[in-house]
Amino acid sequence: QVQLVESGGGLVQPGGSLRLSCVASGIIFRLNTMGWYRQAPGKGREFVASLTDYGSTNYAVAAKGRFTISRDNSKNTLYLQMNSLKPEDTAVYYCNRPTTMWPWGQGTQVTVSS
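Residue numbers (my numbering): 2 to 115.
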């Protein structure tokens, strides 16, 4: 049974930073491309970034240059370092596999506000 548990969100001022984590269980984590997604209030879920099992990254335009996706296969953990945060980054952030998605976790709330 696949389980994805996101954490690390919070309230941060514009320009601040946060590091999100996603711990995956029930899968062979190191063999999977993983991604971050977000859903803002009243909007659909959108892609943020992905990282393949061989280290190739892909970022949404809104994330490029400010966010960095990484992984620690020894800990079955995916990370998202978010810098220079903007109010429009406010959303619930989720991790999942970009193709043939697993059941979504509960997500972690990120609120960027002064």
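The hints are simulated quantities; they were obtained by calculation from the structure and are not laboratory data.
Check each hint, because a few of them may be wrong.
Claimed, not checked - Computed cross-link-like contacts, DSS-like style, restricted to lysine-lysine with a CA-CA straight-line distance of at most 27 Å:
(1) K44 <-> K65
(2) K44 <-> K87
(3) K76 <-> K65
(4) K87 <-> K65
Evaluated hints:
no.: 1; hint: K44 <-> K65; verdict: holds, 20 Å
no.: 2; hint: K44 <-> K87; verdict: holds, 17 Å
no.: 3; hint: K76 <-> K65; verdict: holds, 25 Å
no.: 4; hint: K87 <-> K65; verdict: holds, 13 Å
Consistency with the previously given hints is maintained throughout, with no hint failing.
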